[in-house]
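Novice: For reference, the chains in residue letters:
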Amino acid sequence: MRPLDVLQQSLHKRVLVEMKGGRSYRGVLDAFDQHLNLVLSSAEEVVKEVVTARPGLTLVRGDSIIYISP
Amino acid sequence: MRPLDVLQQSLHKRVLVEMKGGRSYRGVLDAFDQHLNLVLSSAEEVVKEVVTARPGLTLVRGDSIIYISP
Amino acid sequence: MRPLDVLQQSLHKRVLVEMKGGRSYRGVLDAFDQHLNLVLSSAEEVVKEVVTARPGLTLVRGDSIIYISP
Amino acid sequence: MRPLDVLQQSLHKRVLVEMKGGRSYRGVLDAFDQHLNLVLSSAEEVVKEVVTARPGLTLVRGDSIIYISP
Amino acid sequence: MRPLDVLQQSLHKRVLVEMKGGRSYRGVLDAFDQHLNLVLSSAEEVVKEVVTARPGLTLVRGDSIIYISP
Amino acid sequence: MRPLDVLQQSLHKRVLVEMKGGRSYRGVLDAFDQHLNLVLSSAEEVVKEVVTARPGLTLVRGDSIIYISP
Amino acid sequence: MRPLDVLQQSLHKRVLVEMKGGRSYRGVLDAFDQHLNLVLSSAEEVVKEVVTARPGLTLVRGDSIIYISP
Chain V
2 MRPLDVLQQS LHKRVLVEMK GGRSYRGVLD AFDQHLNLVL SSAEEVVKEV VTARPGLTLV
62 RGDSIIYISP
Chain U
2 MRPLDVLQQS LHKRVLVEMK GGRSYRGVLD AFDQHLNLVL SSAEEVVKEV VTARPGLTLV
62 RGDSIIYISP
Chain G
2 MRPLDVLQQS LHKRVLVEMK GGRSYRGVLD AFDQHLNLVL SSAEEVVKEV VTARPGLTLV
62 RGDSIIYISP
Chain R
2 MRPLDVLQQS LHKRVLVEMK GGRSYRGVLD AFDQHLNLVL SSAEEVVKEV VTARPGLTLV
62 RGDSIIYISP
Chain X
2 MRPLDVLQQS LHKRVLVEMK GGRSYRGVLD AFDQHLNLVL SSAEEVVKEV VTARPGLTLV
62 RGDSIIYISP
Chain P
2 MRPLDVLQQS LHKRVLVEMK GGRSYRGVLD AFDQHLNLVL SSAEEVVKEV VTARPGLTLV
62 RGDSIIYISP
Chain Y
2 MRPLDVLQQS LHKRVLVEMK GGRSYRGVLD AFDQHLNLVL SSAEEVVKEV VTARPGLTLV
62 RGDSIIYISP
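Protein chains in written order, with this note's numbering: chain V, 2 to 71; chain U, 2 to 71; chain G, 2 to 71; chain R, 2 to 71; chain X, 2 to 71; chain P, 2 to 71; chain Y, 2 to 71.
With the rest of the complex left out, here is chain V (with noise of 0.2 Å):
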């Protein structure tokens, strides 16, 4: 297994995306590239423990992610 077959494993499932300078977001995974790219559906954002709903699809940089998780 290489990493992003995990990335594979968790399209259309809701993952929390750690992101550089206190940000994360939750969201369903709706695509991935090899730069890790991400792309979310119905996703939150989370600053500081403040909730914003980021409705749409919504394309996050690979290189501000720190780690994904289920």
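Simulated from the structure, these hints should not be mistaken for laboratory data.
All C-beta atoms in this analysis are idealised placements derived from N, C-alpha and C, irrespective of residue type, glycine included.
One should not assume that every hint holds.
[As the list claims (entries may be wrong)] A short, non-exhaustive set of chain R residues, derived as facing chain P with CB atoms under 10 Å: (1) G22; (2) Y26; (3) N38; (4) V61; (5) S65.
[Unchecked claim] Derived Cβ-Cβ restraints for the label pairs, each shown as a range: (6) X:G22 - G:V52: 15 to 23 Å; (7) U:V52 - X:H36: 40 to 48 Å; (8) X:H36 - G:A54: 50 to 58 Å; (9) Y:H13 - G:V52: 46 to 54 Å.
Start from chain V and add chains U, G, R, X, P and Y according to the hints.
Specialist: What follows is chains U, G, R, X, P and Y alone, placed relative to chain V:
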């Protein structure tokens, strides 16, 4: 679907672009490339809740972008 | 021996992963690639001495990693 | 249209270049390359609201640029 | 002589590895690659004058390294 | 004209090199490469308004450079 | 002349190496590569005006270097 396909779907529509350093843009996505360099038209820039209009075409460098959402 | 051979030997064993920004993980190493992207299972995250369980498979991005040890 | 086409359209026109670290330039765009390295003529530099004239041709390194607008 | 030849000469000898962020390691250099990823055995980690033993093989990511000396 | 052509025109002339971190150099540009690594002769370094002469040839690493101007 | 030619001329001579983060080295340049990784012998490290001798061969990673001068 690949992450850049989401940008293709957002072409000529308004997007929110969150940048590193507390800066964000709202504008119409007129172009993008594989580095996530973007061209926005009719853009507004928001820095610390101060909104500045950016008339004309603004080229935003991809490596400062955290996420792009509708 | 090459550095990645050490990761090969640690597969399916518990490792400590120290990250930039004062974050660390303990978990079972289930996968890795040449960028040091890792997959951990049964992981615990430690930030400022607060421990959070991360059930399921966690994908940790290699470029935030400082070191990996048993 | 690709993002660099916007720079092609801005050649020999005045642009605003916002840099990381709170620095910005206004000047005539005389050249650019694919790294967004720029050459500005008749440039003014603004740092913390202090304006300094930069006569001659100024080469601005692309990786410090956040955005370029008319 | 090329810089990596120095690492070749230090193989299986104790080295001091100074890291970004005020962290350093002392340990036996067991492996390295062209990115300066290192494997140390019998390592001690020093952060703010606190020494922690790191038994087993520690993989240190090259891009956090400032210098390596005997 | 390409951005590096401007450096070609500045060869053997005095330039101002503004660096990240509040450091700048004035000196004669004796060489450069495509990474914007520069060689300056008869250089003066300015850090927080303190000027230090740098006799001989100084090699400045391109990735710390913000801009180069006459 | 190319920038790395200056390093060739400095081989086996004492150089000053200024690093990011307020660290500098003085030592004899024994080797270098195209990434500006350097090997210094008989080196002294200076951090906040505290001088530490670094006997033996010190490998300094190029990406932390700001400039190298005689």
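Novice: So, for every hint listed, does it hold in this structure?
Specialist: Structure-based check of all given hints:
The criterion of a C-beta within 10 Å of any C-beta in chain P is met by G22 (chain R), whose closest approach is roughly 7 Å, and the hint holds. The beta carbon of Y26 (chain R) is positioned within 10 Å of a beta carbon in chain P (closest approach about 8 Å), and the interface hint is therefore held. The beta carbon of N38 (chain R) comes within 4 Å of a beta carbon in chain P, closer than 10 Å, and the hint placing it at the interface holds. At about 5 Å, the closest approach between the beta carbon of V61 (chain R) and any beta carbon in chain P falls short of 10 Å, and the interface hint on this residue holds.
Taking 10 Å as the C-beta contact cut-off toward chain P, the hint placing S65 (chain R) at the interface holds, the least distance being around 5 Å. At roughly 22 Å, the beta carbons of G22 (chain X) and V52 (chain G) sit within the given window of 15 to 23 Å. V52 (chain U) and H36 (chain X) have their C-beta atoms about 44 Å apart, which keeps the hinted 40 to 48 Å range intact. Taking the beta carbon of each, H36 (chain X) and A54 (chain G) are about 32 Å apart, not inside 50 to 58 Å as hinted.
Under the hint 46 to 54 Å, the C-beta atoms of H13 (chain Y) and V52 (chain G), about 53 Å apart, fit the expected range.
Going through the hint list in order, the structure does not satisfy hint 8, though it satisfies all others.
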